[in-house]
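Q: Residue-level listing of the chains:
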Amino acid sequence: MAKLDRLGWNVGFNFQAYGARFGVRSNDPELLEKLRQKLPPGARDDPGRKVVDVLISARRAPPGARPGLRNFHLLYLSIARVARTTELDEIIAGFENQIHLLVAAFARRCVFIHAGCVGWQGRTIVLPGRTMAGKSTLVRALVRAGADYFSDEYAVIDPRGRVCPYPKPISVRGEPDTKPREVTAEELGGRAGWKPLPLGLVASVTYAAGANGRLRELSPAESVMELLANAVAVRRSPELTLSLIQRATVAARAVKGRRGEATAMVPQLLRRCQPRPVKIVARPRGGKNR
Amino acid sequence: MASCSTPPETMNAIPPQARSAKLLIQTVGDELVIYDRRSLHFRRLNRTAAVIWRHCDGRRSVADLVALARAELDAPKLPARVVEQALAKLEKTDLLREVLARSRRAAPPSRRSARGRCLLSAHVPVVASILAPTPLMTASGEVGAGSPCETDSDCEAATDGAVVCVAGACTQPD
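Protein chains in written order, with my numbering: chain S, 850 to 1139; chain G, 956 to 1129.
Please keep in mind that the hints were generated in silico from the structure rather than gathered at the bench.
No incorrect hints appear here.
Selected chain S positions facing chain G (in silico; Cβ < 7 Å):
(1) L950
(2) H963
(3) P1069
(4) A1070
(5) V1073
(6) M1074
(7) L1077
(8) A1078
(9) N1079
(10) V1081
(11) V1083
(12) R1084
(13) P1087
(14) L1091
Cβ atoms here follow ideal geometry from the backbone N, Cα and C, with glycine treated the same way.
Construct the complete structure from the given sequences, taking the supplied hints into account.
A: This is how it looks when you write it as structure tokens:
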């Protein structure tokens, strides 16, 4: 780190998001400003903080130099070099790629589940799954059907067990070997959710061409396991993760299965987003109230 | 011919005892979700497996467990085989303290009635497992050097060949 510190950083700022703390520094004010525009949802300035979870260092290569000599722009996360490139846009893209996962990994008090998420009639539908499971496609179909967009990347569970929006733009994959483009919920004809809602349905649904779309109901414990399998910081904070997931799922339904076309799956998911009856235990008669 | 109601070769086995060290246990409905900090696995025990595991106190014999399971699951004709299956699964997933000193060969199948088969399938003990993921395992898209990690193996999935975990971040070797 000492060697990295000597590269000449003259501008910087601190920010935090969901309790995760970051410092960002650069040798170039213009580059720093471009990085500031790529901050994750929920980010706010955190001036005066002396200790952060991750220090991000972005160095713009000096201009000029000798003919035939290439100068590289550099991006570091703590002491790990993430990018070394002659294209400044790649530094900014590298920062944007990493920052969401870092927020999810270092968040305090909240639990990030790698999942798509929408709001529907006062509850949320969470679609946990790894990359290429078809979450973004299903999220877009649900938004077009009238659900509120929460995220196509993370479902964030707060200390009260509610699911919060994490509204980064929706990724749309195009042709192979092309970068995905980003769209907003409004561009899809929908709207973004803005307040935390209780969990209504966990739908672990994977795309498979020709699938019949039959879904199996899961028990509450199976539902917890589906979310744990996609919980970003579960190894770092297993107690918090297990506790908040259990709290979030107490009245939620859960299903699992394979789907074909996303639009065919939408009505089934919206219909199932209803609270599950919770067993009420009668208090014994007489005696003091506790 | 072995009877379903008598556990074969198990009456004199060491009483099984549930492990407690380095386990985080959460009750979810009538099932259990357990995090094993040693193996970094989550285990889900369905109702049958949970009832049996809870009663493994190092003093109760297998016959005692059969009687308790019949009472708590409200299944007076529950085959002893169910408890045997549960103990085998719990042992395999390291949720028992000691290796049970008994034969592991499955009891020969008996000529159960259709009703008996129904009873067995309704109470099949389940111990399902998943590996607790690392942040990199849950990530979308291209994530490489700099990704959060705890061990070097967490970095092996990085797309640009970073293999070393240094200060909590995947780092390219020099």
